[in-house]
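Chains as they are written, first to last, in my numbering: chain A, 30 to 305; chain B, 30 to 305.
All the pointers check out, no bait thrown in.
You can't tell identical chains apart in this list, so a pair holds if it fits in one copy or across any two.
No more than 27 Å apart at the CA atoms, straight line, and that leaves these computed lysine-lysine pairs for DSS-like: (1) Lys56 / Lys73; (2) Lys56 / Lys138; (3) Lys204 / Lys169; (4) Lys189 / Lys204.
Hints listed in this document are in silico derivations from the structure and should not be mistaken for laboratory results.
Source: prediction; values computed, not measured.
Protein chains: 2
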Amino acid sequence: MKIEQLVSQIHQKKSFLCVGLDTDLEKIPQHLLQEEDPIFAFNKAIIEATHEYCVAYKPNIAFYEAYGIQGWKSLERTMDYLNTNHPEIFTIADAKRGDIGNTSTRYAKAFFETLNFDSVTIAPYMGRDSVEPFLDFEDKHVILLALTSNQGAFDFQTKKIGGEELYKEVLRTSKTYRNSERLMYVVGATKATYLEGIRQIVPESFLLVPGVGAQGGSLQEVCQYGMAQNVGLLVNSSRGILYASQGLNFAGAAADKAKAIQLEMAVELGKLHQGS
Amino acid sequence: MKIEQLVSQIHQKKSFLCVGLDTDLEKIPQHLLQEEDPIFAFNKAIIEATHEYCVAYKPNIAFYEAYGIQGWKSLERTMDYLNTNHPEIFTIADAKRGDIGNTSTRYAKAFFETLNFDSVTIAPYMGRDSVEPFLDFEDKHVILLALTSNQGAFDFQTKKIGGEELYKEVLRTSKTYRNSERLMYVVGATKATYLEGIRQIVPESFLLVPGVGAQGGSLQEVCQYGMAQNVGLLVNSSRGILYASQGLNFAGAAADKAKAIQLEMAVELGKLHQGS
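Required output: the full structure, derived from the provided sequences and hints.
Given below as structure tokens:
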């Protein structure tokens with residue numbers, strides 16, 4: 030998908046919500062366990078209930094991989110369903126992969142071709158030749174980990190390298206990578222004020238922001254410090270939407286949660302238009 | 030597997046060779062493509078031909094993931110075969126995963142329980158709470174990326190953080206993680222002289238060393254700078270062994286290559302005993 034298509038969808042739906050499909054058999058409504066593929070049945074119901082209010086879906090691959098071959102089947106069915114029924118929606122493989130050249134190309138094929146995702150999250154530790162193979166795919170995107178929302182982010186990401194924090198070095202260095210216009214970045218919302226400094230380095234890049242809601246970030250702060258002229262934000266919510274209810278009406282409850290966030294986002298998008 | 034079992038196997042076989050199962054349908058002998066599961070057929074033949082000469086097998090997960098569900102089936106069959114027929118051999122999921130707490134636990138279950146690997150490679154960028162969930166599994170091991178063998182390693186890993194390179198900071202910080210005695214580290218052989226400094230920080234930890242052979246590292250140098258009292262080395266070779274021949278006798282050719290490396294390793298292990 031081209032960035033322009035994503036931006037146009039954001040304005041159309043007045044939403045930059047990404048729904049994280051972290052589907053967990055221990056948390057989904059018990060009646061779904063009778064289905065032949067409970068994970069897919071759950072995802073399908075969530076997608077149907079929420080697709081009006083969001084512009085992206087992000088399955089975290091660990092949740093599927095944990096169930097082995099059955100999990101991969103559920104992921105494949107989910108992606109087939111999304112690409113067939115909602116091709117306008119941006120899809121993110123939250124895989125946090127990264128390996129040397131040839132091997133990265135294989136991961137890229139797995140996610141961009143076999144599963145037909147629009148983007149994949151990548152860890153930057155191995156540097157240029159672990160990232161560029163993913164950037165070779167036209168209309169596909171790499172979402173590079175910059176500043177994550179977990180406590181462990183302070184182990185290395187915020188440590189200073191030559192006067193500047195490692196995550197800023199990651200942002201700057203990655204801008205020199207081949208096809209760097211296909212880069213987006215993961216930036217945790219629990220550190221919203223950091224967004225100001227990040228925008229000085231990558232003023233227009235899309236940022237995928239986890240950690241709003243359950244992990245404690247504020248949507249208003251994220252928008253205040255992080256919104257760009259082209260919006261440039263995808264704000265993720267997973268558990269808060271998926272597990273809003275464990276009853277028969279779980280999908281309706283998920284829709285209500287997604288809609289509530291979308292309405293807040295519409296307000297923030299309104300501010301953007303006033304400002305420009 | 031306990032470290033002592035690995036060390037004992039090394040002394041018994043006079044080898045610390047790890048064979049990387051980077052199985053590529055475009056490179057395996059063409060006659061195998063008629064098999065129902067060519068990847069497994071190839072792996073099985075390679076394992077039977079080389080298991081006397083090596084102490085570990087390391088499937089790079091990207092090579093399996095690239096083939097979707099079929100690839101995961103081949104990986105599962107390979108692990109079943111290894112765990113049933115050669116349970117004494119150490120197994121490494123070269124997956125380079127890493128995610129926040131709960132999600133890391135899922136990856137850990139996928140590799141340590143569903144597939145029953147002894148160890149998994151992990152990227153350190155997300156810090157403590159992305160690594161510790163893997164360290165909670167008894168007799169399982171995390172092989173943390175420290176200094177990789179690719180050119181991109183110089184993007185961040187060798188940059189200085191407060192006077193010391195990032196990879197050294199990773200080594201030092203990881204030693205404070207819960208159950209850190211279950212940690213091993215990836216250190217590229219193309220930078221053998223770096224091993225001296227690494228051994229000052231982690232004198233006895235096992236190091237997984239890729240990059241000997243095809244990528245240009247020297248076994249003698251690796252041993253000179255990196256061998257510990259408990260050996261502490263697993264040296265990997267993938268393509269040089271797997272694709273020694275593409276003819277009908279590919280397995281015999283692989284055995285010859287593995288045996289040649291094992292003989293060199295026996296010499297190096299002999300030096301260790303003289304020195305102690």
